[in-house]
Amino acid sequence: MNAVTVIRSGRPVEQAAPPLPPAEPQRRGRRRRSRADETEDIPVAYYGLRRGTVAGITACCVVFAIFTLIPIVWIIINSTKTQANLFETFGFWFAAPIVLGRNFSLLFQNVDGYGTYFQWFANTALYAILGGCGATALAALAGYGFARFSFRGSKVLFYFVIAALLVPVTAITLPLYLTYAKIGLINSIWGMILPSMVSPVGVYLMKVFVEVSVPRELIDAARLDGASELRIFFRLALPLMVPGLMTVLLLSIVGVWNNYFLPLIIFSQNQLYPLTVGLGLWSQRAQNSGNAELFPLVVIGGLVTIIPLIALFLVLQRYWRSGLLLGSIAN
Amino acid sequence: MSTVTLERLTKVYANGVVAVADLDLRVDDGEFVVIVGPSGCGKTTALRMVAGLEEITSGTLRFGDRVVNDVSPRERDVAMVFQNYALYPHLSVHQNIGFSLGNRKVPKPERDAKVREAAAVLGLTEMLDRKPRQLSGGQRQRVAMGRAIVREPSVFLMDEPLSNLDAKLRVQMRSEVLRVHRKIGAAALYVTHDQTEAMTMGDRVAVLRDGVLQQVSGPRELYETPTNVFVATFIGSPSMNLYEASLEGSTDASGDATVVLGSQRLALPAEVLKQRPQLAAFLGRGLIVGIRPEHLSDPAFSPVPPEAGHSLTADVDYVEVLGSEQLVHFTIDARRVREESELREQPGTAAEQGEIVAASVSEGVARVDPRSAIRAHGRAVLGVDTERLHFFDPDTGDAISSSGAATAAVLPGASGAAPAPGTSEPSGAGASASSG
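Taken in sequence, the protein lines are chains E and R.
Here the first sequence is numbered in our numbering, starting from 1 and rising by one per residue.
Here the second sequence is numbered in our numbering, starting from 1001 and rising by one per residue.
A portion of the hints provided could be inaccurate.
[Said to hold, decoys possible] Sample of chain R residues with no beta-carbon within 12 angstroms of chain E, all distances over it, derived: (1) T1005; (2) V1017; (3) S1372; (4) I1374; (5) T1396.
[To be verified] Lysine to any residue pairs mimicking SDA-like chemistry, simulated, CA-CA at most 25 angstroms apart: (6) E:K207 with E:F234; (7) R:K1108 with E:S228; (8) R:K1183 with R:G1137; (9) R:K1168 with R:K1114; (10) E:K207 with R:T1057; (11) E:K155 with R:V1017; (12) R:K1114 with E:S228; (13) R:K1168 with E:F233; (14) E:K207 with R:H1090; (15) E:K155 with R:T1057; (16) R:K1114 with R:S1175; (17) R:K1108 with E:L230; (18) R:K1105 with E:R235; (19) R:K1105 with E:F233; (20) R:K1108 with E:F234; (21) R:K1108 with E:R235; (22) R:K1274 with R:S1246; (23) R:K1108 with E:K155.
Calculated from the structure, these hints are not laboratory results.
Ideal Cβ positions, reconstructed from N, Cα and C, are used throughout, including at glycine.
The shape of chain R in the complex, shown without the other chains (with noise of 0.2 angstroms):
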């Protein structure tokens, strides 16, 4: 049992590709910690760093107070769960998963009580004999996860494991893996690409794009105050509407503001800009708005209708019916943000922006009550929640923010018992974000 300390760790591959650069990540004993991003943005590396699969080009790897750059992987004490499984192909269940603990010499019937216990909490009794080509994809997985468990691991890596199981499959698997995790207790790290598996199994969710470690927090966090366009845009399904605006009003703090989106305008309480008191810097000026799909809404579900500046009209081009809700797709003439990239590739005086404002139209998403009556192909006045609007700086894609303590790194929750997500406390420990 030992806390996983990264530290500037940075991987450059021969040819010079950087795959992980200066990562900074701490993972508490009994912590679950999940390193989500796009596929090829190294997570996958960094993972193979802390197993020590992968040679660390630069950077220090601390379990507890010890150094383990240099310590082979069967030395270091880690258990991993593969993305494939990995399983030892002629070996029963029980060889599998009683693998380890031959190789290190635990006597035969201690090593069956453990591979047996094992096999109790993840529900695999019955397949002790079974070969890995008898058992479902499910069962393989589990195996996967007995083979991890039955050392008693210090720290626990697991490679995107549920995602070569079917969607219903994953959703029950996930909870199953963190009951295991909670068992166990070990420094959990664990990678995926899935950022809703992200948000619902970490204590703390780390974002990480082209290398780099864009936001560590905790799931709440991380939605609800993302650091930058991309973190914005990952984490949320359907993720954040982003459009280029521009900000006017009054300097003084007691004035209201207008954010004006294409041919619209938004009125800002005086109370969001004392709030985030750098968002004064950009009076007069172009930045990137964000709105979340359940920040709009159709005004007839709400119990007053919109003031002015509070609503936009937008055309519907569809609506998708979920049951529980309806996901509205609808054009406003506003031009749209989509990533960082996209960003970066334009030319960033204001004055060329507003002209493409003008000119552009572009799509966004919706997430209004299930009986709402909008429908497509007409137009509809959707209700604006500008209290909770984000802003972006268009030049670094960086949150214009209430501080910038803020968008700090936060530590992990008190104890290594499941804290709740979003309840960790900020603090400028461990990693820090940074723009891309």
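Next comes chain E alone, as it looks inside the complex (with noise of 0.2 angstroms):
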């Protein structure tokens, strides 16, 4: 573009080029912050709520954090104590002396001969990670094409995925145990795996996530521009859907990760367990085999238990960010 002269109130103006908006990225990043801060600082008396309702419902709330919260800080207090303490002392206070680092050092050694906590936190990432990515990737899959193809079946076949989504895993253990025993898959990692990279759950997601988050005009333009498929999938598509393979994700190792019921039965191998089976077995010896000494191991040893998963939110946070379609669609 050439500069071209503006006459303005009869004074000629020099404008070189165009205005641009400005690029860098931070800059752009901090507004955006701000942005949403104003519009979501609306003042509490502009909700047209009375002030005793708003109290009110403020004080549920609290309720509600403290009985969400009690569990854990009693895990974080009481995994500092000794096996003696854990019994004698209050529970949700700290008691001398301070042993978590003792207790923490015993649950990775050969405490019952085996050095077998570490072996289960093994097991439960494996089982995790794999389960939680197959999922997210099959439910991916599977949302975009029921989300953006309609083929012969499909309203169907999306009716089975919900109704898949209102049986329990613990209702389905039972008849694949006996399916495994059948196919040779007891005592085997993929009988874990494989139930695991099913998840309604996540197609369902996906499937509300792609409609708003993937219009059907960014896949019409790139068909015409002559993308194939699995081009448009994975190159336009799949960068869009990102906060919501995030929520799969996330849901789906968690869902793998706290899964008791199904290695219980398929596993009689002390190898093979998770955490959640290990833990358990370690409690029902400190309980009735007079392995008393295991308690503090299994109190830190469900903390150790939740700190990935709590990690993982937190690594996982920064993909839900919105916007990324800003400037793609026109309103």
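Starting from two chains that each stand alone, build the complex the way the hints lay out.
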């Protein structure tokens, strides 16, 4: 574009290149955040609620928050205690001696002769990562398919997904066990991983997410541009689906990580156990078999078990951002 | 580069809604054809059928001689600019424009050269590294255009590409789009709901209503000889004043006739009747008379005062001063016809209509000289250019024209080199106008 002379109120004004919107990403980010703050910060007085109502709702939230946090506080406090203090001191306060470090190191030593906690931890991580990633990949493909293709039976198939959504994993565990017994998947890690890779919730979430975040026009445009369906999926749709994918990934990993019943009945070998079953075993032995020295380890073992999930949540959080479509579609 | 031919193209949705019915249209290589119509008239569906994004229920679509009904969109060699741009948000402008070339495995250096060329045409050279979100609305629109032209498609489709721009930018981009189109020279089909856009941009304009083609012709012909009430009201702003009237006069060709408009009478010169022999059939009957706002004038600014029967006396409601002209909104005691649909709802007999006409008062618009002293809340005499009245059959809404052939569609201008609006030749080929 050439420089143009603009006459403004009788005086020529030299105008160089057209004004450019600021491009530095940092500044943009900061400005966007501040604008978001502006829209979110509506004074409570403008909500149109009575003062007492606001206070009441806030009180309810506080109670609920405390209720949710109590077990976590308990496990943090009690993981610092010795076996004796665990039973003799007040559960919601610390008691000398603080033996968090010793408990922690005992956990990874050959405490009951096998050095098993580390093995269980690795098992859990393996099952969760394979199952979670598999579930996310399948959910992405299936959700995209349901959302953006209409094929014969697509509706019926999706009803099946919804139906599967309503069936708790616990309910299918026994049928699974009987099937595994026939095809030899008992005591196989695939017996754990394969069902974990099927996530009806993930498929449902991805379908809904694709519907709002991957516009039809974008796919149409890419088709006219000659892109293959695979290229459209990987190059265009997938980047837009990232926040949804991260949600499904987190939910599936947490689901596998915390799964107790399925590994309990399909695994009979200690070295295949995930943390849930392993800690359950310790807990039983501590109570029934006189291995009372295992109590502090069950507590700190529980704490260590939840730490990776908290870390995962914090890591994935940065992918939950909006505005991926900014500039693509004009209102 | 090829001609696009739509033959009886029909789209019926699964729920039975007929979006497009028997659409006949031809777009020559290098021609710019605009499909215009109110929202929901099926124009976008028609475009999407040409693109291959919508299945064709029946009819034939040809690019050149090749039937492409079942050819997938990615093999049709069609480029389309979407109403909302549909840019790839995480790709840079360069990648957006070059996306189609990458799909066709065009080598990198060549791809880069083509992208830069397209960007230069659209003034986007400086923006190539930006992401769509860093662009203004007009720039995004240009990227969408760039993405379409970079592949040198044989067919160029545009679905209301300017509707998301502000008014000023829209006017500017109109000429830009035409300039770009002239440069690439492909057959272009442009969809809009804006009649001004259609008139200013199209070599030919196709008016669509409820999925049915009403008229295809050059902008001037469309304006001067609309085939029916719908086209007459849809094209032109402010739109044509339509009143129910009746025709009185002698049946012999020499005699003058009179148009009775409420309590007023307009003399119809014998030449007008001679030009439109079909009018004779309406003598003594009701018809619809149409007057363009610019054919009503303030007699103070015409060299000779209007003769008797060439003026209307009207009550002025208000006057819009636009600087270059004034729009006088007035009422007269004739029943106004707004749209074909309104017309259809009425009982058809002349006697009934006569009663209604006598009883009712309706508004109209006149476009008068900016110096006119006509003011609101007064009574004004408006000169009527009676030779340029439009007449429509009250039963069908069709124009009462000089001959049947004139309402037929016209061939596109002789070559692709941007024929001037209205110079295209009448011919029976291509589309046929139909009644509503």
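Hint-by-hint comparison with the structure:
1. T1005: T1005 of chain R clear of chain E: closest Cβ-Cβ about 20 angstroms, beyond 12 angstroms.
2. V1017: Consistent with the label, V1017 of chain R stays out of reach of chain E, its closest Cβ about 17 angstroms off (over 12 angstroms).
3. S1372: holds, 31 angstroms
4. I1374: holds, 34 angstroms
5. T1396: Since the minimum Cβ distance to chain E is about 39 angstroms, T1396 of chain R lies beyond 12 angstroms and the statement holds.
6. E:K207 with E:F234: holds, 16 angstroms
7. R:K1108 with E:S228: The hint holds at about 19 angstroms.
8. R:K1183 with R:G1137: holds, 23 angstroms
9. R:K1168 with R:K1114: Measuring from Cα to Cα gives roughly 30 angstroms; hence the hint is violated.
10. E:K207 with R:T1057: Between K207 of chain E and T1057 of chain R the Cα gap is close to 28 angstroms, so the pair fails against 25 angstroms, i.e. violated.
11. E:K155 with R:V1017: holds, 21 angstroms
12. R:K1114 with E:S228: holds, 22 angstroms
13. R:K1168 with E:F233: With a Cα-Cα distance of about 38 angstroms, the restraint between K1168 of chain R and F233 of chain E is violated, given a limit of 25 angstroms.
14. E:K207 with R:H1090: holds, 21 angstroms
15. E:K155 with R:T1057: holds, 22 angstroms
16. R:K1114 with R:S1175: This hinted pair holds, its Cα atoms lying about 23 angstroms apart.
17. R:K1108 with E:L230: holds, 21 angstroms
18. R:K1105 with E:R235: Given pair K1105 of chain R, R235 of chain E holds - Cα atoms ~15 angstroms apart, limit 25 angstroms.
19. R:K1105 with E:F233: Holds - the C-alpha atoms of F233 of chain E and K1105 of chain R are around 18 angstroms apart, at most 25 angstroms.
20. R:K1108 with E:F234: Holds - the C-alpha atoms of F234 of chain E and K1108 of chain R are around 20 angstroms apart, at most 25 angstroms.
21. R:K1108 with E:R235: Satisfied, since the Cα-Cα distance of roughly 18 angstroms is no more than 25 angstroms.
22. R:K1274 with R:S1246: holds, 18 angstroms
23. R:K1108 with E:K155: violated, 43 angstroms
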